[in-house]
Amino acid sequence: MSCPFRATSAAGLTALWLAAALPAAGAEEGLRLFAVVGDAIPASLTGAKGDTERGRAIVADRHVGLCLLCHSGPFPEEPLQGTLAPDLRGVGSRWSEGQLRLRVVDAARLNPGTIMPPYYRTDGLNRVAPSVRGKPVLTADEIEDVVAFLVTLRE
Amino acid sequence: MLRTAQLIVAVSLAVALAASEEIPLSERHSSYQDMSAETRAMQDHDAENPGMLWVLDGEALWQTKAGKAAIACAGCHGDAETSMKGVAARYPAYDARRGTAIDLAGRINVCRTDHQQSPELARESRDLLALTALVARQSHGLPIDSDEARLRPFIDAGRAIFTARQGQLDLACAHCHDANRGKKLAGITLSQGHPTGYPLYRLEWQTLGSLQRRLRNCLIGMRAEPYAYGAPEYIALEAYLMWRARGMPLESPAVRP
Numbered sequence: 001m002s003c004p005f006r007a008t009s010a011a012g013l014t015a016l017w018l019a020a021a022l023p024a025a026g027a028e029e030g031l032r033l034f035a036v037v038g039d040a041i042p043a044s045l046t047g048a049k050g051d052t053e054r055g056r057a058i059v060a061d062r063h064v065g066l067c068l069l070c071h072s073g074p075f076p077e078e079p080l081q082g083t084l085a086p087d088l089r090g091v092g093s094r095w096s097e098g099q100l101r102l103r104v105v106d107a108a109r110l111n112p113g114t115i116m117p118p119y120y121r122t123d124g125l126n127r128v129a130p131s132v133r134g135k136p137v138l139t140a141d142e143i144e145d146v147v148a149f150l151v152t153l154r155e
Numbered sequence: 001m002l003r004t005a006q007l008i009v010a011v012s013l014a015v016a017l018a019a020s021e022e023i024p025l026s027e028r029h030s031s032y033q034d035m036s037a038e039t040r041a042m043q044d045h046d047a048e049n050p051g052m053l054w055v056l057d058g059e060a061l062w063q064t065k066a067g068k069a070a071i072a073c074a075g076c077h078g079d080a081e082t083s084m085k086g087v088a089a090r091y092p093a094y095d096a097r098r099g100t101a102i103d104l105a106g107r108i109n110v111c112r113t114d115h116q117q118s119p120e121l122a123r124e125s126r127d128l129l130a131l132t133a134l135v136a137r138q139s140h141g142l143p144i145d146s147d148e149a150r151l152r153p154f155i156d157a158g159r160a161i162f163t164a165r166q167g168q169l170d171l172a173c174a175h176c177h178d179a180n181r182g183k184k185l186a187g188i189t190l191s192q193g194h195p196t197g198y199p200l201y202r203l204e205w206q207t208l209g210s211l212q213r214r215l216r217n218c219l220i221g222m223r224a225e226p227y228a229y230g231a232p233e234y235i236a237l238e239a240y241l242m243w244r245a246r247g248m249p250l251e252s253p254a255v256r257p
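Residue numbers (my numbering), protein chains in the order written: chain L, 1 to 155; chain X, 1 to 257.
Think of the hints as simulated: they come from the structure by calculation, not from any bench.
Just so it is clear, the structure is predicted and the values come from calculations on it, not from any experiment.
Treat the hints with care, as some may be off.
One side of the interface only, derived from the structure: several residues of chain X facing chain L at Cβ under 7 Å [stated by the list, open to error]:
#1 168
#2 180
#3 185
Sample of chain L residues lacking proximity to chain X, with all beta carbon distances greater than 12 Å (derived) [unchecked claim]:
#4 32
#5 37
#6 40
#7 44
#8 47
#9 78
#10 82
#11 84
#12 89
#13 98
#14 107
#15 131
#16 140
#17 152
#18 153
Where is the CB? At the ideal position from N, CA and C, for every residue including glycine.
All chains, please: the whole structure from these sequences, using the hints.
So this is what it looks like as structure tokens:
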């Protein structure tokens, strides 16, 4: 409700939105600025390429990436996977790097009713636990690692 | 206190889900049905059900004189099997004297303070859980009977919380327990989130716990700020969950993985 970008960007128009997420009081660091173009964030949040191996570890870790709570994917060592969301195999073929980045940063911009958590947004949230208040689920570096890994999931 | 309920509704409606679909009555079932045969057997056989230890403790406390009044629960209520039959099935109940909804543990504490003249028992303390388990046991197998007419504002407040996104993960209770019930969250089958078993013995806790403790776990999982034990938000959620499970049989003390 307080996110001014949601309604418009969900339309998927090729428009440039500058999303400046302001740090909440007590936040340790503000979020970096990023540009949404259509249904993608084409540029790296950090300006650097992420690390595929670290990205895989984040995605597989139920306490860091949380992805396997909902998704399944090519993780033979992880017997407990989710069935709330599509299998991650092949997402690198289905989506471009920039499209994957926006999906992880804030999936609600594409589907306001999504259950996929916003991994890099701190506004528009309610009653956030004090220990993580003002902090995104993943840091910009971690987002880039995850994106670098997702790109490798081709079919 | 009615105003508290209305305030909760107003605040929560602002962030309520656009479309939240309630489970059709005929499709409701307890998460008992999703459990392994061993866990179900543990719940079904009193001799194996660890929750029965709390019921036994509760029986002893029921007979124990307490407070300045030096009177036991039994001194006023007699045999719990008769006087407490069906009571837990209609809690939270509307307390006309206080003009608000009160849950079973809160009701027991009112008897502690007003009738026994002894201090309240802390939420989740062994004694309060034991007395609650004893009273709940007397409704075993009886259908939940929600006093919809008088609890309406509390039920509505609870529903508003249930359908509102909260926490860092921006999830609502309804996302997991209505929309995605039956699917797997990291290998765990998501239940419909019914309150039928509480207080219950959870193998993961290695102890008996209240419904509020379970709700606190879910809120922590959502990375939301849990409410304080006994808070009006929990009572409202309990009232909504009991209404949502109306007619379903109580199974306390249940066992859960």
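Check: Are there hints from earlier that the structure breaks, and if so, what are their numbers?
Finding: Result: hints 9, 10, 11, 14, 15 break, sorted rising.
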